[in-house]
Amino acid sequence: MSAITHDADHDHDHKPTGLKRWFFSTNHKDIGTLYLIFALTMFFVGGSMAMIIRAELFQPGLQFVDPQFYNSMVTVHALIMIFGAVMPAGVGLANWMIPLMIGAPDMALPRMNNMSFWILPFAFALLISTLFMEGGGPAGGWTMYPPLVLQTGAAFPFLILAVHFLGVSSIMGAINIIVTVFNMRAPGMTLMKMPLFVWTWVITSFLLVASLPVLAGGVTMLLTDKYFGTSFFNAAGGGDPVLFQHIFWFFGHPEVYILALPAFGIVSQIIPAFSRKPLFGYASMVYATASIAILSFFVWAHHMFTVGLPLKGELFFMYATMMIAVPTGVKVFNWMATMWKGAMTFETPMLFSIAFVILFTIGGFSGLMLGLTPVDFQYHDTYFVVAHFHYVLLTGAVFALMAAVYYWLPKWTGYMYDERLGKIHFWLSTITANVLFFPQHFLGLAGMPRRIPDYNIQFADFNMISSIGGFAYGLTQLLFVYIVIKCALGGKKSKALTWEGAKGLEWTVPSPAPFHTFERPPKLTKAMLEH
Amino acid sequence: MKSCIQKTILLLGLFPSIALAEWGLNLRKGATPISQEIYDLHMLSLWVVTIIGIVVFGIMFWSIFNHRKSKGVKPAQFSHSTTVEIIWTIIPLAIIISLAVPATKLLIKMEDTSDTEITVKATGYQWKWKYDYLDEDLTIFSALDAKSTEVSALDSGLNPMDSENYLLDVDNPIVLPTNTKIRILTTANDVIHAWWVPDLGWKRDAIPGFINDNWAYIEEPGVYRGQCAEICGKGHGYMPIVVNAVPMDEYKVWVADQKAAQDAKNNESDMVLTMQELMTKGETVYKAQCVVCHQANGEGLKGAFPAIAGSAVAVESDNRLRHIHQIIYGKGLMPAFGEQLGDVDIASIVTYTRNAWGNNTGDIIQPKEVAEARQTPNIITAGGQKRENTAESKPSEDSLKKSIGDLAEVR
Chain W
1 MSAITHDADH DHDHKPTGLK RWFFSTNHKD IGTLYLIFAL TMFFVGGSMA MIIRAELFQP
61 GLQFVDPQFY NSMVTVHALI MIFGAVMPAG VGLANWMIPL MIGAPDMALP RMNNMSFWIL
121 PFAFALLIST LFMEGGGPAG GWTMYPPLVL QTGAAFPFLI LAVHFLGVSS IMGAINIIVT
181 VFNMRAPGMT LMKMPLFVWT WVITSFLLVA SLPVLAGGVT MLLTDKYFGT SFFNAAGGGD
241 PVLFQHIFWF FGHPEVYILA LPAFGIVSQI IPAFSRKPLF GYASMVYATA SIAILSFFVW
301 AHHMFTVGLP LKGELFFMYA TMMIAVPTGV KVFNWMATMW KGAMTFETPM LFSIAFVILF
361 TIGGFSGLML GLTPVDFQYH DTYFVVAHFH YVLLTGAVFA LMAAVYYWLP KWTGYMYDER
421 LGKIHFWLST ITANVLFFPQ HFLGLAGMPR RIPDYNIQFA DFNMISSIGG FAYGLTQLLF
481 VYIVIKCALG GKKSKALTWE GAKGLEWTVP SPAPFHTFER PPKLTKAMLE H
Chain B
1001 MKSCIQKTIL LLGLFPSIAL AEWGLNLRKG ATPISQEIYD LHMLSLWVVT IIGIVVFGIM
1061 FWSIFNHRKS KGVKPAQFSH STTVEIIWTI IPLAIIISLA VPATKLLIKM EDTSDTEITV
1121 KATGYQWKWK YDYLDEDLTI FSALDAKSTE VSALDSGLNP MDSENYLLDV DNPIVLPTNT
1181 KIRILTTAND VIHAWWVPDL GWKRDAIPGF INDNWAYIEE PGVYRGQCAE ICGKGHGYMP
1241 IVVNAVPMDE YKVWVADQKA AQDAKNNESD MVLTMQELMT KGETVYKAQC VVCHQANGEG
1301 LKGAFPAIAG SAVAVESDNR LRHIHQIIYG KGLMPAFGEQ LGDVDIASIV TYTRNAWGNN
1361 TGDIIQPKEV AEARQTPNII TAGGQKRENT AESKPSEDSL KKSIGDLAEV R
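Residue numbers (my numbering), protein chains in the order written: chain W, 1 to 531; chain B, 1001 to 1411.
Be aware that one or more of the hints could be misleading.
Which chain B residues stay away from chain W? Per the calculated CB distances, all over 10 Å, these [what the hints assert, rightly or not]:
#1 L1025
#2 P1033
#3 S1081
#4 T1119
#5 Y1133
#6 E1136
#7 S1152
#8 R1204
#9 I1207
#10 A1264
#11 N1266
#12 K1281
#13 N1319
#14 Y1329
#15 I1364
#16 A1371
Residues of chain W clear of chain B, computed beta-carbon distances all greater than 10 Å [what the hints assert, rightly or not]:
#17 T41
#18 F165
#19 N183
#20 V242
#21 V330
#22 T345
#23 F459
#24 K486
#25 T508
#26 P510
#27 P512
Here are the simulated PhoX-like cross-link-like pairs (lysine-lysine), alpha carbons at most 20 Å apart as the crow flies [claimed, not checked]:
#28 B/K1259 x B/K1029
#29 W/K341 x W/K423
#30 W/K341 x W/K503
#31 B/K1109 x W/K312
#32 W/K503 x W/K486
#33 B/K1265 x B/K1281
#34 B/K1105 x W/K312
#35 B/K1069 x W/K341
#36 B/K1029 x B/K1105
#37 B/K1069 x W/K423
#38 W/K423 x W/K526
#39 B/K1281 x B/K1147
#40 B/K1109 x B/K1181
I should point out that these hints are in silico values taken from the structure, not numbers from a laboratory.
Cβ atoms here follow ideal geometry from the backbone N, Cα and C, with glycine treated the same way.
Please construct the entire structure, taking both the sequences and the accompanying hints into account.
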């Protein structure tokens, strides 16, 4: 025992090097970095697929790709962005920040942590390799509805296996977060003292543990329908194709909040810091997050209003869906009240957070409209829906992740990023993302269905505008990579407390955060527990 | 100033259809009383969220401009207020209730399919629609028109801007009577599709093995266009819907004409055609039905759609029956065309594909041979071919009729 203490005391930053450090890592910071780098890579892979989509839609007529390949781009873009970019980025942040925020030395299950990360590159290698297989990649949409998905060629079993891998990885990550938060908090860090980012991740983890096994069951049923003669989703054998949709969206709707709740947490850290004012309504924020999570299990069929649900079912899911507006509204009002009478400054993380609040709310507005069943019969499966979920996922979740990176980058690297470039990145991103997605509302209302490679000439103008926005948004993100690399390589040193108004334990450790932190539980003062 | 105008003109030039028509910005009011009510509910909810947005973002921006450190303000330290929190929970609740009430009323009205006067069943196929006029014993197949098919080919070199109804036109539009409560059933033959004509106010999934019902009461005569709205494979963007709404008497004339044409098609098996006639007709039918997958050059797409040029089925003389059966009954992902194409059509395609692209078999298939092939058991599945799951999901006509009956009883 004494030997270990001795080692730790003398060689505080002892760490393995090279391959050993990254492949066998059990350190939450290194694994967090791996997750974040992986997510950024996948953001560009999925993004380049979006560029192919926008290039094909730039003009009416088919110019670049075959419709089958177009469909596989739509499908794989979604799978990569959801499971490869946004989720791993969230888990990466959780890995880096949760132990630092609750005063724990590491994640509770460090070896599982390593495994949950290293499954991902293999899962995505499988998924992306399907694009080169006979019959092409999966092309039935990321929702994998049968019977269409059963027409997938050689890619089919690889798709299912990849989804299983992603699920296993996410469940392990979620279990790790739950165990860490419930067992490794520093003395004095009671549940209702935890930073909101930690709270949102705990709730997200429960959503993951509850919903992903359902997806795993559903895709396994697809597999047995295709290869082992079962008829779960085949009407001729007594099954029901719509059953899959119920299973999928029972997972799929909580999944939406799996992507969104960590974003809420991030913004709830950043807005108080740059308003120099405590978070308004901490307790109601926690309760609102929990209510959204619970409600998310009762609204799944609003994705399927057009399958022919009974009237009572349509009414139930319409009311339940509209209820979500209440806790979400509470959150938005709380952020506003946090800013109210603060002393705000507008560094890049704050800019991204404010843009998040506004643009996510716009996505929420279209969400409320989509929740009204009679009008959903018109909106469903049009570009109005595409605009809606890109507002909540890109200008929502992704903007919050960008905010988080700018906020904590000095803590990770020890250097300040280039504030001027950060602001340029913000303004370009915000303008181009709106040029990209706002016209899609009009396209959907005018009657353009989603997932089509070609369209009538009445949709030509807005598609061209949207594509121009898309290319510009894609290019702008290269600037983000430059800013991050530049910051990692050097620059102005950051203090332990990077931002004047920031609160929380992570700012009590030096910048960059040493390889090992909180090997002994910190003694918490009242000031350290402020939000 | 002048350069400003020049720039504007340049920009306008970038968006070619700007001068052609108004930009579609909003939902369409449509052609039925229901679609009008849907439009009204849409506008109500749009105004509600717009006003909430203006108020909320207005307050936020006011705060952003005034409560900033650069103005020397000292931050307040309040962090909660139960009163305010209760108020901003109750107000949104009240707003959503005020939206839910009209939505509920409208939904109940929409789901009332009682007292319909005629019934049309729309069946989705990859990638066309079949319409059964159940009161008339009339069946119509409706697929993308030839012009759009030609223009939409990859690198066709043809400009879609030249055709106003590009991808929204079909070979056989359906006709529906105005001022009549029409029941529209939707189902599918292979994968899930969705039948959507925006001017009727709704879309409904077409699900293999199940039947959904909905209704429309069209007031204005006119041509209403729509598209499949559920991804259904490669041709998802290429299966439009065209509804021609006409007064009841014109509708009756149309039905009579269609039925006469249908009867003529059923009696064509005795016709004898020349090679030249079969080849010409074959090429036309091939271009309408087959090119999407097998391509104009008969080479198919490697890995997805097999080539016909040089394939054993299309060149070996033992395989004539197999060739005909494959078209009648389908195979694997290839849909069955037997119901949709007449004997002359199938005879022409078989003759054409056995003689085009270097498949110079010299075979001539007459309609009679096709008619006979319809009487022999399917040799594609009998030959030990693995049956695809999706091919089995096609519900039988009987079970469909039964389901329609059940549906009526439930309602």
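Violating hint indices (sorted, rising): 1, 3, 7, 8, 9, 20, 21, 22, 23, 28, 29, 32, 38
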